[in-house]
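With chain A fixed as given, assemble chain B onto it according to the hints.
2 protein chains.
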Amino acid sequence: MPDHTPRELYLDDLSIGDEFVSAEHLLDAEQIIAFATEFDPQPFHIDSEAAKTTFFQGLAASGWHVTAITMRLLVRSLPFASGLIGAGANVTWPKPTRPGDILHVRSRIVSITPSRSKPDRAIVQTHSLTYAQDGQVRQDLTAQLLAFKRKTN
Amino acid sequence: MPDHTPRELYLDDLSIGDEFVSAEHLLDAEQIIAFATEFDPQPFHIDSEAAKTTFFQGLAASGWHVTAITMRLLVRSLPFASGLIGAGANVTWPKPTRPGDILHVRSRIVSITPSRSKPDRAIVQTHSLTYAQDGQVRQDLTAQLLAFKRKTN
Numbered sequence: 413m414p415d416h417t418p419r420e421l422y423l424d425d426l427s428i429g430d431e432f433v434s435a436e437h438l439l440d441a442e443q444i445i446a447f448a449t450e451f452d453p454q455p456f457h458i459d460s461e462a463a464k465t466t467f468f469q470g471l472a473a474s475g476w477h478v479t480a481i482t483m484r485l486l487v488r489s490l491p492f493a494s495g496l497i498g499a500g501a502n503v504t505w506p507k508p509t510r511p512g513d514i515l516h517v518r519s520r521i522v523s524i525t526p527s528r529s530k531p532d533r534a535i536v537q538t539h540s541l542t543y544a545q546d547g548q549v550r551q552d553l554t555a556q557l558l559a560f561k562r563k564t565n
Numbered sequence: 413m414p415d416h417t418p419r420e421l422y423l424d425d426l427s428i429g430d431e432f433v434s435a436e437h438l439l440d441a442e443q444i445i446a447f448a449t450e451f452d453p454q455p456f457h458i459d460s461e462a463a464k465t466t467f468f469q470g471l472a473a474s475g476w477h478v479t480a481i482t483m484r485l486l487v488r489s490l491p492f493a494s495g496l497i498g499a500g501a502n503v504t505w506p507k508p509t510r511p512g513d514i515l516h517v518r519s520r521i522v523s524i525t526p527s528r529s530k531p532d533r534a535i536v537q538t539h540s541l542t543y544a545q546d547g548q549v550r551q552d553l554t555a556q557l558l559a560f561k562r563k564t565n
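In order, the protein sequences belong to chains A and B. The first sequence maps to residues 413 to 565 in my numbering. The second sequence maps to residues 413 to 565 in my numbering.
Extracted from the complex, chain A is given alone in its bound form (with noise of 0.2 Å):
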């Protein structure tokens, strides 16, 4: 199912304090495997069994999969005009995500740097939340997106 979300805030339209709030991704064991499977594949994010005995006690998602679902759920909760395009990023993964956990994401518009060489751009800073159900952060993220101001031709 191709998902092409509508596309609709420009620069003009954001200030900093706004905060959006995503929809709920239910992750499972099959969901951990199979990413770590193909980009992470280690036995704490592949094996339940083998996952025992490691640093997480149990079988945990990869980091880069919840920043890959928190994507998932930034492409629909954050619907800048011309998509979300990152410069950068900073993230930390406070405490492991499990099969199980519904996440969802909590953003605020952190900062808005015009650009100095072109005015019809903006770097605006956000900060994402992805937490589970249980209330708890699973990963604080601080992003650097590309906006652009509304064509007035």
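Misleading hints may appear alongside valid ones.
Note: identical chains are not told apart, hence a pair may lie in one copy or across any two.
Claimed, not checked - Using 25 Å as the maximum straight-line C-alpha spacing, the simulated SDA-like pairs for lysine to any residue come out as follows:
no., residue 1, residue 2
1, K507, Q537
2, K464, S494
3, K507, D532
4, K530, H516
5, K507, Q556
6, K563, L423
7, K507, E450
8, K561, G500
9, K530, P506
10, K507, T554
11, K563, P491
12, K563, A499
13, K464, T564
14, K507, H539
15, K507, L438
Everything labelled a hint here was simulated from the structure, so no lab data went into it. Just so we're clear, the structure is a prediction, and the values are computed from it rather than from any experiment.
Same frame as chain A, now just chain B:
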């Protein structure tokens, strides 16, 4: 094909300045579209035609796809004995990654910070540059990884 890379590097074996070079990964449009359809469904990542009229002027990989491929290459090229356990990371994408790019990762140990409370471990900061075949950097990743001393009993 499960990828149980041998784990062998303990904290005792790591020094600032140590370098590690990964294998290569050939990225194609099919992989770019498959990843983005699941995790980053935006026109410039999932539709070669629609991508032409976007900021990227053609199909480009999701930044998080480049991160995921980088992780796959790091699992083999940075064989920490307890696995690659990330506390956090900082990532930028200086240039888009395109279909046909052949990626490899060069990593360097930047700092080693012993834990104050747990003498058996340290946070190892690594700097990993993901290059394409043109010698230009597609991703610049700094990560904080947990490493453990060899058990001496």
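Unsatisfied constraints (hint numbers, rising): Number 4 only.
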